[in-house]
Structures are given as structure tokens and as C-alpha cells.
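Protein chains in written order, with UniProt numbering: chain A, 1 to 455; chain B, 1 to 455; chain C, 1 to 533; chain D, 1 to 533.
Please note that a few of the clues may not be correct.
[As the list claims (entries may be wrong)] Just the calculated beta-carbon pair ranges, DEER-fashion: (1) D:Ala-530 with A:Gln-352: 22 to 30 Å; (2) A:Glu-218 with B:Gln-352: 40 to 48 Å; (3) C:Thr-98 with D:Glu-333: 56 to 64 Å; (4) D:Pro-101 with B:Asn-381: 20 to 28 Å; (5) B:Val-124 with D:Lys-125: 56 to 64 Å; (6) B:Asn-381 with D:Ser-295: 32 to 40 Å; (7) A:Glu-357 with D:Glu-366: 26 to 34 Å; (8) B:Asn-381 with C:Ala-530: 38 to 46 Å; (9) B:Lys-9 with D:Ser-210: 36 to 44 Å; (10) B:Gly-359 with C:Glu-102: 46 to 54 Å; (11) A:Pro-260 with C:Glu-102: 45 to 53 Å; (12) A:Pro-125 with B:Arg-287: 26 to 34 Å.
Simulated from the structure, these hints should not be mistaken for laboratory data. Glycine residues also receive a C-beta, built at the ideal position from the N, C-alpha and C atoms.
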Amino acid sequence: MLECIPTRKVEHTAGKINPAKACQPLGAMYAALGIHGCLPHSHGSQGCCAYHRMALTRHFRDPIMASSSSFTEGASVFGGAANLKASIKNVFKIYNPEIMAVHTTCLSETIGDDVPTIIKQSEVPEGKIVIHANTPSYVGSHVTGFSNMCKAMVSYLAESDGRAKKERVNILPGFVNPGDMREIKRLVRELGVEMTVFPDTSNVVDAPLTGRYEMYPEGGATVAEIRDSGNSKLTLALGAWSSEAAGALLQEKCGVPCVPLKIPIGLKATDEFIMALKDGFGVPVPRSLTIERGQVVDTLIDTHFHYQGKKVAVVGDPDLVIPLTEFLLTMGMVPAYVMTGTPGQRFESEIQQMLDEAGIKDGVAKAEGDLFELHKWVKDNPVDLLIGNTHCKYIARAEDVPLVRFGFPIFDRAVHYLMPVVGYRGCLRLIEQISNALLERRDRDCKDEDYELIL
Amino acid sequence: MLECIPTRKVEHTAGKINPAKACQPLGAMYAALGIHGCLPHSHGSQGCCAYHRMALTRHFRDPIMASSSSFTEGASVFGGAANLKASIKNVFKIYNPEIMAVHTTCLSETIGDDVPTIIKQSEVPEGKIVIHANTPSYVGSHVTGFSNMCKAMVSYLAESDGRAKKERVNILPGFVNPGDMREIKRLVRELGVEMTVFPDTSNVVDAPLTGRYEMYPEGGATVAEIRDSGNSKLTLALGAWSSEAAGALLQEKCGVPCVPLKIPIGLKATDEFIMALKDGFGVPVPRSLTIERGQVVDTLIDTHFHYQGKKVAVVGDPDLVIPLTEFLLTMGMVPAYVMTGTPGQRFESEIQQMLDEAGIKDGVAKAEGDLFELHKWVKDNPVDLLIGNTHCKYIARAEDVPLVRFGFPIFDRAVHYLMPVVGYRGCLRLIEQISNALLERRDRDCKDEDYELIL
Amino acid sequence: MAITDERLEEVLVTYPDNVKKNRKKHLLIKNSAEACQQIEANTRTIPGIISQRGCCFAGCKGVVIGPIKDMIHIVHGPVGCAYYSWGTRRNKARADETTPPENVYLPLCFTTDMQESDIVFGGEKKLAKMIDEVVEIFHPRAISICATCPVGLIGDDINAVARAAQERHGIQVLAFNCEGYKGVSQSAGHHIANNGLMVNAVGKGTVRKSGKYVINILGEYNIGGDGWEIERILKECGYTINCILPGDGSILNIRNLHLADLNLVQCHRSINYIAGMMEARYGMPWLKVNFIGVSACARSLREVAQCFGDESLIQRTEEVIARETARVMPVIEHYRKICQGKTAFVFVGGSRSHHYQYLLRDLGMETVVAGYEFAHRDDYEGREVLPTIKADADSKNIPDLHFEPDDEFYQEGHVYLNMPKEKYDELRKRIPLGYYEGMIKSMEDGQLIIDDVNHHEFEEIVRMLKPDIVFTGVRDKYISHKMGVPSRQLHSYDYTGPYAGFNGAMIFAREVANAVTTPAWRLVTAPWEAQKE
Amino acid sequence: MAITDERLEEVLVTYPDNVKKNRKKHLLIKNSAEACQQIEANTRTIPGIISQRGCCFAGCKGVVIGPIKDMIHIVHGPVGCAYYSWGTRRNKARADETTPPENVYLPLCFTTDMQESDIVFGGEKKLAKMIDEVVEIFHPRAISICATCPVGLIGDDINAVARAAQERHGIQVLAFNCEGYKGVSQSAGHHIANNGLMVNAVGKGTVRKSGKYVINILGEYNIGGDGWEIERILKECGYTINCILPGDGSILNIRNLHLADLNLVQCHRSINYIAGMMEARYGMPWLKVNFIGVSACARSLREVAQCFGDESLIQRTEEVIARETARVMPVIEHYRKICQGKTAFVFVGGSRSHHYQYLLRDLGMETVVAGYEFAHRDDYEGREVLPTIKADADSKNIPDLHFEPDDEFYQEGHVYLNMPKEKYDELRKRIPLGYYEGMIKSMEDGQLIIDDVNHHEFEEIVRMLKPDIVFTGVRDKYISHKMGVPSRQLHSYDYTGPYAGFNGAMIFAREVANAVTTPAWRLVTAPWEAQKE
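Kindly produce the complete structure, drawing on both the sequences and the hints.
And the structure:
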């Protein structure tokens, strides 16, 4: 497989070969789905919207609804105002959402459409809302788009009534699966803290099948909840790339203190998440969580020899890869290559610092990388395990390395979006996946006489 | 691998080759661990106890404590009364359990020790309890031993105070993992029904690691709870082989109506479990469970083409295999060979009826089978998937069939005992495991040009 | 329950007036009593309407150019367009006798990943640099550059970059100005791609494959291996396959496209341009075929055989049909028992919505609704309406190329087929040589035809007609499921295949039967919800 | 903190008086000032005490007989004993030049699965039937029958069944009356197995392998491939390995055990019987070796070489040692940096608790507690105490076989080694020919020795001494973990290996270093619990 990938050293500086990122509008669309009753709207050519819906649908195996301004050549030359106005009118009349969340595209950004002004000039029915985010595809990645749409939620919706803050936490969960959002909510509930999670795509992009189709499933943060987030006592912004900007804006706009945290993947990041809630609200941590945590420690100790010291290559979105790498180090693994496709020097320095602290010398951390580069690294210096999205399966086969699927997108396996990787339970899933991948490989490769009943 | 297994037709009627069952005391020991503060005691040669502790430890990767009467040749000839009396005295003095649960072995059964009488003659400290179950290794299997110890809990402990029954359900969970017991409890809690689950090994054989060793971890049903089970309104006995006898005795002894159910593995069995609680206590089923259920249906519909029509061989304990087979049929799979090592004609008739209802013609159901026979079937008529315990890995390798590990014992993979296969969440895990096993195989076996990004 | 105008009205009543007026023209209930039922197609999707349509880039790079296996396809633009069109179409390809594995680049994705500075200062240099690096790393035979939306707007001259690179490296570099906003759907991109290949590739080769009957298969995408199954059957009949365009195709073979005797056209919409242009330039005849469905496949095989009028070929064709039919029909019959009488909603991109009706008929199933995502009127009504289709603001921007007969290679159609002109003319009346009848003619009265269906219509019509299965794309698949209706994807076949040819018919039959019989369909309602009802 | 009698007393204080009195004799703090420290061993475990010990069956079938790869081992009894001893010991085996893969049965498990009726009416017929079927299915070279507890009680005569089957089928059928209740631990089973092999197998073969120095390796179980690593090294030194007993052993080779020049004894406890009986019957000398640890391995290699007194052999041995040491020491050094100064609790079955102390010393680690599960006093104190050990009610039941010199094969020890008697006698003073010194001599003052440790003592002593790592079996492994102390299994090596020889030392070093440095150890306490403290 992939005989075209050369073994010799090559020069690759311009553009991307096998990119490890998508573009902003995709993330904006996903974030918007985390508002209850929201129809995301793509202000651009209809191909963008089609592509983003397709990518999200394939990952979540669930309907992903969004509309488009359906630019033509004329609109591209003369501006998309008419298209957006028509869209707003048609969407509310035909699809009747509570709220439309408009994001731009490289097309509308390049021609310079003034979206806020166009929205103001549009016919928005009484009680309905249109928000927008600028998400030029040529800046950042899908994670940036997610962040920008989260920020738009705050800037358009969040309000402070100026009274005493409510004993409630806002959680910006970051670009994670609905199963993760559900698990984050469970952890907060275990602690007995009131919460508003936004965006919240659980029960939206993993809606049950009950025989009745709902264009706007029962999940998602309501507009009212997001509005009231300005009156919460604390915001936990999970993931620097996806949530910090919105959290900071909420602090600035409504005076809600924002604690930036990692997405709670792995033991340490989950501990920090729990402690932030404990310290923020003075609640005791229930015994049930102590037990959950202790079971993770127990599993780590009991199974360390399945994975400790193994070399691993990791690629994915920065907010996922940073805590995952931290957890891999907790597991005693050796992250040899840690990559994100999203730009951000901070990624490299955070990873490098972790590797340094763990005494790992030859680890490579790279932001704004691509999978061709990762493939070359793995080809030149093999690893024991690869962790990344479905695109990595080509590297896995070509180099005969086991792959643990993680992050976005995963197109070739199902159920994953329902299974949390966050929290202590997520630790167990990750340990099981990693451990099993390595043991499967051992079982596959060993001689008959080394095929063992007990491992 | 296993070149010694012949391809020709063979005669195999006497004894077992590669057995698919263990002996009674193992199950009795496991059940006893589900009482809080209980030390199981093996009345026999110390080798039995060593073997059972080893097998359970290897499956659960956790301390499994139990004592032994340590028979010598003398005791074997003259009876084990002195050994048991000394054991009871020493155990309470040195290990200080709340309760000792004695089970017999083939040795003490063959010599005919009268255990209840010996117990009566023993020095049991004030407030401490000794119960016993007869578990001759030459009858039934480990599942029978589990059942007998459950029955002993009822016969020694359960009491009715003769007053109105409490709005509480007794749940006999059957021989399942602690993760399953935990999930069963969660489901009951979601329905808001008070419960007593016994035995309950959660937090006993999957205890957290917190740096402090507890010989009797905080899990398990307390003696008081089991006593009071006679005052509950309803018993759900999950699994005919492991729980029905105890449930029936509780009905007879204390007048608690017993509803025998399958262990809630799969959509239908979980539905029946929920409905039994709903109907028994008149509670509404919360929306959260409707959503969980709907997500399973959604997943089944969205992924059916990953597994529908695939031939599968299943082997394991009858109470697990019966609902699993039902679920495989719900998944549209074709259970070609369904086996248990435990005796019981009812197994064959129940499976055969399911296969008939599904219109599956050539399916074979067999109780009291062994893995050599299963291996021969698979060798003669290959299947797409094998589901069973770790011992099946040899068949899997020899015949190059993917294996989903399920049941007891699993020695070569970790974490599984924490991950429920019961309930709706268990359905998701099973679907994911089965679907991934088949997709991994597809990815492994396909030509380069058929290696796909999306599946 | 059949659809009626009144019931259609119920669907449309939600629309604002202008939308309703527009959409009405895209919906048609087949009525053979009406002389020529006209449908509106290939016009703009109304902004805000949730359509299945993609863009010009998707049609050019995603559909036609992307599958060419021995070229490196560089997408010039921000990362997204390359990313989303990467590996998502299931165009299978493999090394072959003229293309070694080192020259197959299909699993890779190349993008200039334009950044803000490239938008401001132009991306030509970056593109040129990337070409240089890619040539150095991979040594491809040729490169394509496909433009995305901003490229046209900021004025990057990709043609100039391509020309310069071609000179620098001595390999072909083809540029396609297929910015997403062009045209009204993927269709514009097909046209641009057809034009580019015709101008730059077709006719540049010199190798004619040996064999008595050398044919091309155009508009076959080899989804799930369809093309290979078709190739297998045609080879058994005695043909030499010169090139499949584009599925598993190579630029090497495309350059030799003119060195064949006959073009078969599978997907009329996406490839009729090349078929027509080759007829104009080389005189090479083209035949519309459909290899989807046992009977349709047999019919197409017979028609291809007739094109050459060779009795032994015809005989051999009949033998292949007889043998293959005997092989597959027991399987089809088995599944037909399950499928018989069931109704289908078929909505896909181009020709599939028409082709699959034959296969569904093989299974005893009725297509109650069918429609195209990006077709033109000729795809619905037949090529006879072509003269009546007027260019509009959107279609005018895509150049319609006109070729003069080639000095060297032009021959009359009947010469290609080695038959007298009269026989050829007579044949054209009987079989679709240079002709496509469109979808409507083969549909039954009362069946609904929809152009560019949108979400609202999809949802309402599925709810109204309750088809037993929906054939569509991934975006509507799960909506269908949530409504309790099974679905199969007809773009990707849900990752199985082939569906074409005789083997494909068996696989399709099994998959459809599985989809409608999945046991979970009987467990949709929770028992506690059922009690409430 | 070192252990003292006072602190030991704290451990024992919980016991009832009789238990305390008993257990005190099994615990010993090494004190070289005392002339001969005596420990009680190989006596009954007190009922109710949670010991690590297994039974006679486990020692016979599980340890010694089970690993013989080309026999079918039928366990006669209810299902459990066969089940639990199935595949759980990691005795690796593979086909070799004399045993084809069809004759390797190690991954299989055979049991008569006695039912209640068999207990009541006797199980001999079922056993005979199973033998017949197994012969018909597998055509094994030989069969073993191992008895479990009820067999002796109900009076099944497995020896008669074996004899009859042997006649019927013309292959050896060996019966072992190793009922679980016999003796006080696995040790009885070792002895029974040794006796059975000596009587029925050793000496029955006629094939002497070619080679100048032909040796047997006894008491090596090939856990994780230990035997193969030892074999590799010995072969490189120039020896021919006649047979490893029982790891990867075959009945074919065991029959030829007497056709060698020297027996090496790795596990003294389980196999010294055969070594002794062979010396009695054939005069063949045996040498106690230890291949665990770099220095120990080198020492044993040198001593084996000295046995033959061949300068070229000695030279070659030195070369091998030098080369291997140079290869592995950098790795060992790397891990020694991590392990240096750490303390270990070592408690395993037989000789390992002694052997591994050398390897731990290679890593700079101290063994603060060591003990055996089923050893005899000679394993602790050296074979010189053998004459002082009195048989008790339990040990008396296992026959101590005495052999007369064999007419055909008996030779003096020095003849086997091809050296003058005087040189041989002199050699015996320098190296452990026919001698084992026991564990205590090599331990340091203040270190604790425990026989048949039980759970209470384990828990208390680990809590008291806080070793950095515990080496033990799987049953105590997770207790250790819960107490916050890393562990490695020395029975199964936690499914890695080999640990023996030079390669094994590297693997062991890595595993120990990993175990003590697992990052999760630093995260045991939840931060909210830490705040409380």
C-alpha cells in the first residue's frame, strides 16, 4: 500500500499533503448544532455546506441539518447580501428554527460580505434570532471555526443581569463527541453543581431512533440557557483552541470568571476538572468519583506492562491531543511524534514541556503538520502504535502499525461518538483500546509457541 | 496452530476435551465475594482454593481472598470436621470477616462431610455468621456453584418480618462481571426503585487502588440487606441457571414473588427487565432511558450492514449465551453454533426456539459441550465470528476467525470486567465490539484497492 | 398511496410564494396522457433551501478529475475543499500493466492550504512551489490543479502557473477553473472537467490496444468496483477495454481515448460532453448503456454487440448473458421474495436514479419517486429537448466547446463500426447510438419526478408516501432512518459493491433485502411507549 | 527498616496460640552468628490460614507432567482440576526435529469430567473409553492419567486402567496417583511425578545424541522461553542438549535421559529426585546450576565447563561469557540506575526465590524477605541437613524409591566426565556436584526468611518493610498493588520472558524498572483526598 511514498528524504514545505485539519466552517456548523433549535447556515457556495454536512454526517451517522446561501457566480462578484437575506426569510418560513447560526466561508470572506449588517437588514421573525461568526477557511482550522461560533454565542446571546451570580457553572466543552459532552455533564451532576453546557450536541447528533424524525432534536443548550450564562458564577473553558476565546469574552462581557482547562481526557486533566469544580463551588467530591478514579489507577497499575515504554505517534486536534499526550505519559508510553494539523506554536511548546518533564528525549511535537509528514516519520523510524483519525488507517496499513481511532473524523467505525473518552470512564476506554490494540498485535505476530492464554 | 486437531470426522463421547465449564466451588466463591465482609471458605484440599482464587484473580486482576480447610490424607480418610472447625476459629481470629461462606468440594462431598452439623459445633464468635453451600464439583458447573451459594444466602439469611412488603426490589444479578452489576444498579436507580442486589461484587473484585489495602472492600451486599430481602415486594432473578433457585427459595421462604428473567443483555432482555420494574412498581420509565434505548435502535439500524447475515459461533455460560444469542438475532446475525459447557437440556430448547423463530435452519444448540467439539464444527464449516472466553483464542488462531471476548474467564485482555455488557449501554459495547471485529478483519484481508476510508 | 397534485400541494404549502412558484416547476407526476411533460432542471437552488447539491469544484475535482489515478491532483485553495473531497467517493483504482503502484496517488490529498496572506498577496508562487516539490517527491506523470472559490476572486492565474510548471518539469499540468460558485451544481464542474480533458489529453496518445473491438467506457466511476465488473463482462463477450473514464482511469489511457471504435456512455450527465466532442472531432459513435440490473445489463450488452454486427460477437454475447443470468437469477429470486411489491424513493446525483429503476424492477419493486440532484432537462426528458434548452446566466459561463473534424483521425461513425452507412443509420433508430431517452419515458403514470429535491420535500414526501426504502446519499440516509424508513446509499453503496453487472445485482439484492428486514425495525418503539399508545 | 524479632512478634500477635507457635518456626531472620539456623518446612498448612500453596495434583500434573508436549494428559476427575491447570503455567513448547506439530498437545485439555454417577459407580470405564477415543483421534505417543481427589477415595484403579489401555493400544499409558489431598503441598506431586517418570520412562530409550558433551537440563520449565535461552547459551559453549525436563520436553527424549554425560539441575526442589535416582541407577553426576542473573549464569557456565575439564571448552565458555556480558551489561547498567538500592520481597514456589536474588543483586537491589511456598529444609539450609529430616505422616505416604546400579549403563561419575577419580573428587569440593547449598547461606544478616507465607504475614510484612517491589504469584500480586507496592509475578513473568540467561536478565531489568517507575504510582491519591491529609 502507498508504494508512492518514497523512502528517501524529501523536501515538503509548500501546501499540505494529506492534511490533518479541515476548515473553519465545519467547526462552526458543529458548534451551532449544540444550540437547541438551531439551524446552522453556511454563507457561501452550496458546495461548502454539502461538504460539511457530509463530513459531520459520516462521523456521527446522524442527520446534520444546515442551510446555505447558495452563491452563484453573480453573488460572488456582487456580494452575497441578497442571498443571505433570502436565506433568512426562507429558512424561518420553511424550517422554522429558533435560531439561525450563520458562518462565513472563504468565498464570502474573500468578497468581504458584511454579515452583521446584512443580518440587521434581514426579515427575522419576532422571537427568532440570527447570530453569526466569521470563519474564513484560510485561517486556522475546523477547531478555530468551532471556537469562533462559541464566541458568537457569547457575543450575541450571553447577558448579565448585574445581580449576584448564580451558583452555576458554565462549561464550554470544546470540540468533542456528544458522548463526551454527556459524560462531562454526568461528572458535574455527580458533584451536584448546577450547570449550563454550551454548545451541547448530545442528543442532537446522536439522537435516538424512535420512529419520529425531529429536525431539531431535544438536545442542545437553549437560547435562554446561553443567555443566562452571563449570570453564572464560573466558566470552565475546556480546550485552549476551542473554548478559551468564548470563555474570555464571557468574562469580559458579563464578568463571569473563566478558568481555562484541558479537555478532561486522562487522569490528570480529569482531576483538574473535578478540582476546579470542587474549589469553585466548595462541594465535596463524592465517594463514587473517588472509586471511579481509583479504578483507573488500579487499571493503570495492573496493566502497565501491556503498553509502558511503547512508542506511539499521535495526531489530532490540539485540544484533544494535548491531554491525550499527557495521559499517554501517565500510562508510561513514549509519545514519539505528536502532531496537530491546526496551527499554534503553543501546541508545540506544551507538548515539548510534557515530554521534557517525562524525560523523553527524541519526541517531536509539531503544529500545523500533515499526515504525509507523519507518515514519513513513521516510515523512517517506526512506532508501536498510531493514534489518530480514520485518515491514519493508510499509514497504519502501509507501515503495518496498529491504529487506535481517536478524534475527528472517524468514518470507518461506528458507535465511537457515543463512547466517552473524557473523564475517568474515558480513561478506561482509552486504556482498553490501547492495550487491546497492542495485545492483538502481539497475538497476531507471535509464533505459535508464544501464543498465550494469559496476557 | 493446533495441527493435532484432525480434519477427519471423529468420535468423542467420553469426558471433555477443552472443557467449556469450570467446577462448582469457583462459582460459589465468586458469589460469596458479593456479600460485604465475607470470606469464602473452601472445604477441601488447599489446591482447590488456590486454583479458584487464581482463576478469579486472573479474570478480575484484583485480590480474591478465600481460605481453605487444607485437607491432608488423614482428613480425607477420617473426615474434615476438625479441619473446618479449626478453619472457622482461625479465620475469625486472624482475618476477622463478618461472615464466612463455606462451600464444599468433590473431596469433602465424596467423603460425605456433614457441613451444617460441623458448623453448628464450631466456635463462631458472637455476631459473626457462617453459611454454607454444597457444591460437589462433579455436578453441574461453576454456574451451579454460584446458584447454590446464592441459595445459601437466602436459606441462611433472608427473613420475613411478616409485615407489609417494602417497596423494594431484590435483584439476583447472576454470574456477571462487577461492571454489569453496577450497570444493573444504575438502571434500577434511573427508574427510582429501591433495591437490594445480592450477590454484588462491584467494588469488591474491581476495587479502586487508593494506596490502602482492604481485605473486605466497601462493596457487596451487607448481611443486613440480605436478611431484609425477605421483606421486599419483588425479586427479579436474572438468569435461570444462576439465580432462579435462590429466587424461588426466597418466594417459598418469605413470600416474595419472584420474576425469573434473562440477564439483561441485548435490547429485548433489557426491555423486559425495565418493564418488569415498571410493572412491578408502577413507576414511569424516564425519558433518559427512552433516549438510551433509542440510541441503541439507531445504532442497530445505522450499522446493520456491518454484521447482518454473518455467521457466528457463541460459547459461554447459559445465562449469558441465551440473551446474547437473542441479541445476535436482533442484530440480524446468524448464530450457527451456540454452546454452553454447563448441562441443561433447557438451554438447547430455548436456543432452538429462538433460531426457529428467526427462521434459521442449520443452527446447532448444544448444552454440556466442549471447545474441541466447537473447534471441529468451525473447522468443518467456518464462521465469520467467534464469541467466547479466552480459551476460544486457540480456535480463533487455528481457524483464522475473529474473536470477540465475552463471558468468563477472560485472561488475556484487561478492563473488560469494568465495562458492562448488560443494559442499553451494554448493547452499544457489544455492537461496537462485534462490528469492529468484522471491520478489522475486512481491513486486514482486503486488497489495497478495497481498503476504504469510509465503512 | 399514490401522489396527486392535491397532495403535492400539501407539501408546497409551507413555502413562501416565490419559492413555491419556483419549486412547482421541478416536480412532476408522470402522466403519459400529456404529450410532453416538461420539468425545470439545472437552475439555481433557492438560497436557504436545504438542497443535496454540491458545487462546481465537487463536480470537476471530486467527480471527474479526482479518480484519475496516475495524476497528482493539487487543490488550490484553503484546506477544506481538498480535505472533504479526499477519499470520500469510493472510486476504486489499482495498479495495472501500464501504471505501476508507485504511480497510483489516489489515497493522497494535495492542497496549497491557502492562508490569509495568500488571499491577500496571491497564491501563485505557493502553488508553483508545491508543484515543484510534488514532482520531486513523487515523479507523477501529470498534475492537475483545481481551483476553489477564492482563486478566481483574487485572480490567481492557475493556467499560467500550469504552463510554466509544465515547461519546467516536462510533464503535463492541467489547470481547471472550477471555482465552487460557478454554475448551479456539480454539473458545471463536470462540463469544465470534460472540456479540460478534451482539450489537453484526449488525442495526445498514440497507442491503440490490440483487439478486434476496442471500446471506451465513459462516465463509469468504478464505485465499489462497478467498472471492474462491467469490464469483466465486456471482456468475456470479446471486447478490449481501451479506457474507463474516469474510474480506475489513467491519464495515459485517456490520451488514447480516440484510438477506439466505440464510446459507451454510462452516466450521461457527467460525461456526455466528451462523448459528443469526440463524435464531433473524431466521428466516433457513442452508445448510451446501462449495466445496472440484470435485464438492463443484458439489453445493453446486446446493443453493444449489435453495434459491430458481428454474428460471432452476438452469439458470444448471448452465451455470456445466458450463463450469467442462470448463475445469478436463483440468488435474485431468493431476495425477490423479500423485496417483491415494496416501494422505493430514489434520489441520487445523475443517471443512477434512472438506472436503478431497472434493477429494482428485477426485484419486483416499484420506484414511486425518482429525481436527480444536478441533472439537466435532457436527463429527464431525453436528448430531443436539447435544442429547446436555453442558456441562462449560470450556464453561459461554462464554455461549450465546438470541435472541427480532426484531420488525421476523423472517420464516419459507420466506418468505426465497420458497417455500411445504411445499416448504421438503421441501427441508430433501434438502439441509443448518440441518444439518451431520459428518465421520464421509462417511468409509470402516477410516479413522482423531482428535480433538486430539498429537505422539506424529502421529509414531507417520505412521510406521505411511506416508501419501504429510500435510495439516496449519506446526508438524507439518517433522516430516513429516524423516520423509520430503511435506506441505502446509492453514491457509496454503503461501502459494499459492486452493484453493476450480474454480480452487482446479486449484491444489491442482498443489501436491499437486509436493509428492509433488519430485525431492529420491529423494535423501534420502546415497550413502555407502546403501552401508552 | 530492618526486621527484628520484636517486629516479627507484632506480626504474629494476632494468631491464636497454636498458630503462633507453629508459624514462629517458619520464620527466620538470617543471623550468621548462629551456627545452624533451622527453619520448619514441608509441614502442613494450618486449616483456615490463607496460604499460597496448591496441592499434590498441581505439583504432579500442573508442574512436572503437564509440560511434556508429545503426551496426552488425561485428568481423571471432575472437570475443575483439568480446567484450572489448562494453559496457565506458560511452559512453552514447540515442534522440533523429533516431534512434529501434529504430536504437540500442550494447548489442549483432557478430563474425564466425572459426574455424580461416576463417583457412585466408579469412573474406570469412562476413563478407559476416553483413552480409546483419544488414541483414535490424536494418535499420541503416550498418555498420562493424573488422579484428582475423589479417584483415590472411590477406589478407581487407574494403574489397572493404564496397563490395560497400554496393551490395547501399544503405547505407554502412565498413571499418577497424585490426588490433591496427598502430602502438604505441590511438593508431594513433584515427587510422585519424578518417581513415575523414573520407573516408566527414563532408560527406555536407545538414542544417544551425537556430540562431545551431551547434557540434560532438569527442573527447567521453559517459562517464557527460559529453557530456550539457556539452551542457546549452552549450545554456543559447545554442549549438546539431550533433553530439557520437563520444559519443551518430549517423552521421546525423556526415555533417553540416561544417554547423557551430566545432569544440570535448575529447580532443585521439583527435580532433585530424578537427579538422585539417576545417580543411583546410572552413576550419572548432577550439578546444581542457576542461570538467573548475569553473574550467576556466568558462574554456572564456568562450573559446567569445569565438569568436563576440557580447556577448549573452558576457553569457549569464557568467550561466550565475555561476548554476552559485553552485549547485555550496558542495558543492565541503564536499568540498574533506576533499580539501585531498591528492596525486594521475593516469595515464589521453589528455587526461584533463591535464584532471583542473584539477578536482583546484578541490579543493585536487596532482597529483604525471601521464602518458598513448598520447599523442604534442604532448599533453605542445604542438602547437608537431609539426613536430619524426619519423615512425618504426610511425607511418608509418598514412596522414596531406591535404585540399584543398572547392569548395562552404570558407570562411576568421573567416567561420565572423562576425568580421573581424584580430579573428580577434588572438583566436587569446589562446585555443587551432587550438592545444593540452599538459600539461607547466600542471604545477608537481618534478611527475613519465611516458609509458606500466608496472607496475614504477607500483608503485615509488606506494610512493615515497605519493599519497593514484590515478586510473587498472581494471587498476591494485586494485594501488593492495592498496598501501593509494585509487583512482578515470578511464576509467569507477567507474560513476558525469558528471564533466564543473558537475554532474560535484560528483559527482567526492563520489566522491574518499568514496574517501579510506572507514572501512575505518583497519582495514587486523588487530589481531593490529598487536600484532606
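Verification of the supplied hints:
As the Cβ distance of Ala-530 (chain D) to Gln-352 (chain A) is approximately 28 Å, the hint placing it in 22 to 30 Å holds. Range check, Glu-218 (chain A) to Gln-352 (chain B): Cβ separation about 42 Å, and the 40 to 48 Å hint holds. Look at Thr-98 (chain C) against Glu-333 (chain D): about 57 Å separates their beta carbons, and that is inside 56 to 64 Å. With their beta carbons about 24 Å apart, Pro-101 (chain D) and Asn-381 (chain B) fall inside the hinted range of 20 to 28 Å.
Roughly 44 Å separates the CB atoms of Val-124 (chain B) and Lys-125 (chain D), a value that falls outside the hinted 56 to 64 Å. Roughly 57 Å separates the CB atoms of Asn-381 (chain B) and Ser-295 (chain D), a value that falls outside the hinted 32 to 40 Å. With their beta carbons about 30 Å apart, Glu-357 (chain A) and Glu-366 (chain D) fall inside the hinted range of 26 to 34 Å. The hint said 38 to 46 Å for the Cβ distance between Asn-381 (chain B) and Ala-530 (chain C), and at roughly 39 Å that hint holds.
In this structure, Lys-9 (chain B) and Ser-210 (chain D) meet the distance hint of 36 to 44 Å, their C-beta atoms being roughly 43 Å apart. Range check, Gly-359 (chain B) to Glu-102 (chain C): about 51 Å between beta-carbon atoms, so the 46 to 54 Å window is met. At roughly 47 Å, the beta carbons of Pro-260 (chain A) and Glu-102 (chain C) sit within the given window of 45 to 53 Å. For the pair Pro-125 (chain A) and Arg-287 (chain B), the beta carbons lie near 29 Å from each other, so the given range of 26 to 34 Å is met.
Hints 5, 6, counting from the list given before, are not met by this structure.
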